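Residue numbers (our numbering), protein chains in the order written: chain A, 1 to 69; chain B, 1 to 690.
These are calculated hints, taken from the structure and not from any lab test. Bear in mind the structure is a predicted one, so any value in this text is a computation, not a measurement. Treat the hints with care, as some may be off.
Said to hold, decoys possible - With a cut-off of at most 20 angstroms between alpha-carbon atoms, the simulated PhoX-like pairs for lysine-lysine come out as follows:
| # | chain 1 | residue 1 | chain 2 | residue 2 |
| --- | --- | --- | --- | --- |
| 1 | B | Lys402 | B | Lys428 |
| 2 | A | Lys63 | B | Lys602 |
| 3 | B | Lys402 | A | Lys63 |
| 4 | B | Lys567 | B | Lys145 |
| 5 | B | Lys602 | B | Lys613 |
| 6 | B | Lys570 | B | Lys665 |
| 7 | A | Lys36 | B | Lys73 |
What the hints assert, rightly or not - Label-pair restraints from in silico Cβ distances:
| # | chain 1 | residue 1 | chain 2 | residue 2 | range |
| --- | --- | --- | --- | --- | --- |
| 8 | B | Ala219 | A | Ala34 | 21 to 27 angstroms |
| 9 | B | Arg54 | A | Ala34 | 36 to 42 angstroms |
| 10 | A | Lys45 | B | Trp667 | 34 to 40 angstroms |
| 11 | B | Gly498 | A | Met8 | 44 to 50 angstroms |
| 12 | B | His664 | A | Gln11 | 47 to 53 angstroms |
| 13 | A | Met8 | B | Lys252 | 53 to 59 angstroms |
Even glycine gets a Cβ: it sits at the ideal position worked out from N, Cα and C.
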Amino acid sequence: MPKAPLLMLAQRIQQTFRLMVGVQDYAHYLAHMAAKHPEITPMDKKAFYRAAIDARYPGKSGKLSKCPC
Amino acid sequence: MQSIKEKAMWLFIALMGAAAFGTIALNRGESINAVWLIVAAMSCYAIAYRFYSRFIAEKVLELNDQRLTPAEKHSDGLDYVPTNKWVLFGHHFAAIAGAGPLVGPVLAAQMGYLPGTLWLLAGVMLAGAVQDMIILFISTRRDGKSLGEMIKAELGSVAGVIAMIGILLIMVILLAVLALVVVKALVGSPWGTFTIAATIPIAFFMGIYMRYIRPGQIAEISIIGFVLLMLAIVYGGDVAQNPAMAAMFTLKGETLAWSLIIYGFVASVLPVWLLLAPRDYLSTFLKIGTIVGLAIGIIYVAPTLKMPSVTQFIDGSGPVFAGSIFPFLFITIACGAVSGFHALVASGTTPKMIERESHIRPIGYGAMLMESFVAVMALIAACVLEPGIYFAMNAPAALIGKTAAEAATVISSWGYIITPEMLTQMAKDVGETTILSRAGGAPTLAVGMAHILSQVFGGPTAMAFWYHFAILFEALFILTTIDAGTRVCRFMIQDLLGTFVPALGNTQSWPANLIATTLAVSGWGYFLYQGVIDPLGGINTLWPLFGIANQMLAGIALILATTVLVKMKKQRYIWVTLLPTLWILVITMTAGWHKLFNASPKIGFLAHADKFKTALAQGELLAPAKTAVQMQQIIVNDYVNASLCAIFMAIVITMLLAALRVIHKAWQAEHLTVQEAELQLRGDEAPANA
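Assemble the whole structure, with the sequences as input and the hints as a guide.
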């Protein structure tokens, strides 16, 4: 069922702002896990969010997700 | 019919651009409206995007939507996620837009608005956006490999290690220069210092809230944090009025430098969720909001540019930075025209989220055009000020003296008439005791923004609020960078040390972690402190060094792009990356050469060292040194700066030589030598997906 365009826009905007700080779409993650790895229990919202923080900031590989200048 | 309409539209855009350029360039002696600059920039961007980026996408790179992207091949819902084009554009733009495009153009405004604008436009269309787009493409075709990994794979592992050392050194200089911008903005400013200090407890609160109380509620906590920040700005005004409180938050440059060094150390060993993540949320959203606000402000207010189109300082005698227009304008404005760091971002998270190859064009090329537009707005914000105010804020105390009366006399003698009253009034308007010698871009931009935004919202009484808002916005961003950057340096140092002493490479070990963090902080802290005590303001010395470093990284990225084009057997189009590569190499090498060997002590590090050596031999003391030991220290600093500059130049030359060898081989080869990830076409996926 197609979503209402306004709702869709609001979702996209929310998604954009969350992705700007490195947080992926949780619903998409759940859908992916259900489709591809039904045998694994997906992370809950809290764990998913913590994983996003760990992935965004410099870690072992010296990753730079943002231009420092 | 459609094509005639389209042609007419592009003809119209071209004519608008031409008219805007005509007004900008020919209207000498009269002040023009800032909207002309916006129109000129927009027309350039539109034409470059429509025609040049399309040419690169279709002919040079042959983007293929039938080819599966890494996001589809490795989809995991976490790192590799096929993402809507517009959403990813927002992500990528937020990742590339930092403090750089707001600082460089402000410094370059000393030469007038024309040179800076022309370089911003030409640079982004032909070099900066091309670099971002092609690196994003190369990384996407290699499953989202990082710049370092790609250099290793394409140019050899020695080149990879050298590039890694280069990136570490650039980070050190960058962190020092950004910290210096904060120090310059906060010296003797209780209001500013209080608001910045208040961001630390605010961030702690947000961090704990997001970790334990309402995890993942980003919008909610960001709004709470934003409101707290605004309250801190308002209350900061009261702090500045209260003599006891004001004294507590009125700090000298040296004290601020030490505070930042200690802050950098502590912040970078704390868990990321406590301070770094909440800061990052606030600074990212504040930045996007401010950029939008500034754009609306400029268009709505349509301010007049008071700065002449070209000033006498193009000859190299400028007070803000020394050196003539070539090559120094081109390294002063790095971000906004072409920025090497973008190559790291374009090979970071973005390539793992590209949904279709054709999206590389709007995201790689388009986002960089937008960053250039931010830089044009920063230039406008600096140029709407009275030139006298601009020079009073950006010239060092060694040139213009320490009082408004002295500064007004000196600056008026340059031909920019200003009275002491105007200078004290401006300081009063923005809620500061003085605005003199606040080099570094942020304060000037803040006054310019306050000038524009107070006309939209709040009137003249709101000047002080908007000034401190702008200072807060830049400082918040920079402190986040210092935190994250120190961590990046720490891990790189551990990586390098680990090859010699494996124990030091263990990132889980506290002693190893503290040793590497200490090394990282002392690295940038050394340059920061040297900049703070420099009578010429430090920005003078450090910004060119940073500009050279950042452009050097762009040079490396463009060399890589050129090599890959040859490996793809796209020699016909090699000029697309070769011309910007050559230009970047010419400006970095020339600027580096001047910084080393120029006979003027204002420009050349070695000439400066000689001057101090000669004075020391004759028993004289030169400012800022008060003892012979300090004289000796300044000489050592000069040699350190000179060595760093020489290392940057050596790195560029090494990369070039490494690339030439590879290019030669690839050119001779009769078949493609490019090493992309395995080609999978749409429809070839596993049937489970169908």
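Hints, verified against the model:
{"no.": "1", "hint": "B:Lys402 / B:Lys428", "verdict": "holds (17 angstroms)"}
{"no.": "2", "hint": "A:Lys63 / B:Lys602", "verdict": "violated (37 angstroms)"}
{"no.": "3", "hint": "B:Lys402 / A:Lys63", "verdict": "violated (43 angstroms)"}
{"no.": "4", "hint": "B:Lys567 / B:Lys145", "verdict": "holds (17 angstroms)"}
{"no.": "5", "hint": "B:Lys602 / B:Lys613", "verdict": "holds (15 angstroms)"}
{"no.": "6", "hint": "B:Lys570 / B:Lys665", "verdict": "holds (14 angstroms)"}
{"no.": "7", "hint": "A:Lys36 / B:Lys73", "verdict": "holds (12 angstroms)"}
{"no.": "8", "hint": "B:Ala219 / A:Ala34: 21 to 27 angstroms", "verdict": "holds (26 angstroms)"}
{"no.": "9", "hint": "B:Arg54 / A:Ala34: 36 to 42 angstroms", "verdict": "holds (39 angstroms)"}
{"no.": "10", "hint": "A:Lys45 / B:Trp667: 34 to 40 angstroms", "verdict": "violated (53 angstroms)"}
{"no.": "11", "hint": "B:Gly498 / A:Met8: 44 to 50 angstroms", "verdict": "holds (48 angstroms)"}
{"no.": "12", "hint": "B:His664 / A:Gln11: 47 to 53 angstroms", "verdict": "holds (52 angstroms)"}
{"no.": "13", "hint": "A:Met8 / B:Lys252: 53 to 59 angstroms", "verdict": "holds (54 angstroms)"}
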